[in-house]
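Peer 1: Protein sequence lines, in the order shown, are assigned to chains F and G. Heads up: the first sequence at position 34 corresponds to 34 in full-length UniProt numbering, and the numbers run straight through without jumps. Heads up: the second sequence at position 501 corresponds to 501 in full-length UniProt numbering, and the numbers run straight through without jumps.
Hint data in this document are derived by calculation from the structure and do not stem from the laboratory. Keep in mind that a hint or two might mislead.
To be verified - Partial chain F-side listing against chain G, Cβ under 10 Å, derived:
no., residue
1, A16
2, E19
3, G38
4, C44
5, A46
6, L51
7, D52
8, E81
9, V82
10, Q88
11, D94
12, C137
Built from N, CA and C at the ideal position, the CB exists for glycine as well.
What follows is each chain in one-letter form.
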Amino acid sequence: MAITVTINNETREIDAPGEMPLLWALRQELGMVGTKFGCGIGMCGACTVHLDGQAVRSCSLPLSAIGDKKVSTIEHLAQSEVGQALQQAWLDEDVMQCGYCQAGQLMSATALLNKNATPSDAEIDAAMQGNICRCACYTRIKTAIAQVSRKEDTVNV
Amino acid sequence: MSEATTLSRRTLLKVSALAGGGFALSATMPMVARAVGAEAAAPAELTAFVTIAPDNTITIIGKNPEIGQGIKTSLPMIVAEELDADWDLVRIEMADTNMAKYGPQLAGGSFSTPMNWMPMRQTGATARAMLIAAAAQKWGVPVASLGTEPGKVVEKASGRSATYGELASLAATMPVPDPESLTLKDQADFRIIGRAIGGIDSPKIVRGEPIFGVDTQLPGMVYAAYERSPVFGASLKGADVEAAKAQPGVIDAFIVRGNGKADELVDGVAVVASNWWLANRARSVLKPEWDNGEWASHSTAGYAARAKELMDGGKAAQVFGERGDMAAALASAAKVVTADYAYPFLAHAAMEPMNCTALMREDGVMEMWAPSQTPQGGLASVAEYLGVPPEKVIVHITRMGGGFGRRLNNDYMVQVAAIAKEMPGTPVQLIWSREDDVRSDFYRPAGWHRLTASLDADGKMTGLKDHFVTFDLGDSPFNPALMAPDTFPAKLMDNLLLEQDMLRTAIPMGALRAPNSNALAFVTQSFLDEVAHETGKDLPTLLMEIVEGAETEPTTMGFTGPTPGFNPDRLRAVTRKVMDMAEWGKPVADGHALGFGYYWSHQGYFAEVVEVSLSDRKQVQVHNVWCAGDVGNQIINPFGALNQVQGSIIDGIGQAMQLAVEIEGGAAKQSNFHNYPLPRMPMTPQIHIEWVKSDHAPTGLGEPALPPVIPALTNALFALTGKRVRSLPIDTSLFA
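In isolation and in its complexed conformation, chain F is listed as follows:
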């Protein structure tokens, strides 16, 4: 039986078992491969998407648990101002090496800044520690987040 999910403001019908994690429905039922598979147990954050604006691990979120909540993915990130600013900061800082984890990093960073526009160093660490970067681009990820957060700060002042 098809499951109805709202993804990036579109209603999608997915013909898959309810236990299937959202990640595998996105990637292989809907062809949206921006969200990445890293560990399958919610330990690395490569599969991070937003569920009603919260960063969640799509590898551990069964389709049946989504209900009316709205899913937003990396493919939709540029639609938000903060998301777009972070994408630009990622390029300005040349954050990435292999880049595989960066969709998840960007989704986590966007959820952070949407909640807290000017996070402290420790708050950035806390919000981002669920996202592994095997290439260890952490210094630059942090700098890129701080760069956008400073801009927020300026706007708010």
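Model the placement of chain G on the given structure of chain F, informed by the hints.
Peer 2: Same frame as chain F, now just chain G:
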């Protein structure tokens, strides 16, 4: 540390076979593939790497696989520099696997930069010379009266100019200049090389566009999972494939027989479904039966116990390095320092799990989309397995979510070929779970060393002995379990005895970023720190003593071309530089301490200083890392270069602090990130990097910054606590 130890000879042989023999880059890399009868309006191919369109767009081929080391950006930068291109008009296209057209294509050993520096400059200069020749013919003026500005040929006297796009189709018909006749740019005139340029694929990555191997999508594609024995060396007796076939979404399930080579194909069961999650889930009903032979009793603890027995037993089975008379040096020593060191197996854990996509086409061609660091070797392995000539295998190179040496082995390529050949006409994507990845790796070999140094009455080191216990990897052509007899400081010892015993094993082992060096730097630089401490000096002082009077070794012809030998001046320069940066010798904050480490690998010299403290709960905290590196006279892309060094340092700290794969019951105990805890953001220190420029052609940065950070960290912990870390990962109960 010799180049020979870091190079995959198997890969070399395979790609050599493809090339029909010789591997010398200059001989096998065609500088030009001419466009014959090109239409004026069509893009014109000037060399195998440079195509110019009438609208002035320049397409440069990225020849080597991109694993995050930035090579898809940096090699085309070199071409564009000598072409005198307008970088804003440059597009980069990833090459397919094609030895005849592009020469060796591999990502490993930090080889790409030294190996391609001159050929990439030459191919750019070739295209530039052909554009100038075209303008000379068009205008009827001598070549010498012309020069270039970015993207155009200019007549010096008159100032008239023509864009590369206008000249390209005529240029493609010009004679190809002799490489010897090319004038290369003066380094001072570089304007693309040396510029911080962002990764060419980065805009796609931040938008989540398909770009990695596992993002490959083909019409009608199905997904495969592969069940193999957790015990290494086992063979398959049987499995309930019918039960798997009855699972939801499963299209097929079948037994695959290995070809007897662990680095190509081991026994297993393929499960194919419409969605990988369904295929992987169906593995749970396979109930496979394995014949583990003798291997299920193997364990890390067993290897360690046997290593101790062998070291305690005295003389080892083999001597692999000897000079002077070590026995006499020990007999006459005023002081003897001895210590045992050990390090564990490590997994690579690249973020993108192993995967590959394959289609057995109706014309008998196996077409593949492969995230491989050695696609030419993979192509050869697949052709050999299928029993077809290499031209019946096409390998598209995809971007990779990390490599770290794991993707030098192409077992996943052969695996998917074995599955796809059973399903002609249907594209198959094989994906490994993270558990498959951690438990079916080619691990960094564990190793055990008993080191002994003899000192004279003046505290001078008179000899070095190492009883090394490692693994017998059989006829493995690339053996990361061997220690080179010239590992620093062996060559500079008057008396030397390097001996080894080998343990039998079925554990697959391979190259992990900075192979050999990532373990040996810890062992040798920590032990030298012990020797220094025993004689009341610091490690930099001891290193300076050891290299006193040492001469620069001659340049030899290596795998990547002319390879400079060990140069003590380069060691001295990076050591002094990092001591300045870290204010070595000056007081540090209360409860903090500094440690030093140096290593030369992959042609790069690195000296690093680490600042540590212990938390109230005796957890190790790394605050600062200072790093001085010498990789020649030119940093090609400062963005990528700094990223590699930052990443290497954090990678090394992670290895030292918390990573190990333990073998139990013949299988890997670790399986995912909960028990193989890669570094995370909160443990990132401040990293300070400076370059020492030396008069050598630039060399690679994927690896050499990693090895010295490990002993720098453990030496800092000794300075802080007086406790010597002699086994990795660091056991913090040592500091309780």
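Peer 1: So which of those numbered hints doesn't the model satisfy?
Peer 2: 6, 7, 8, 9
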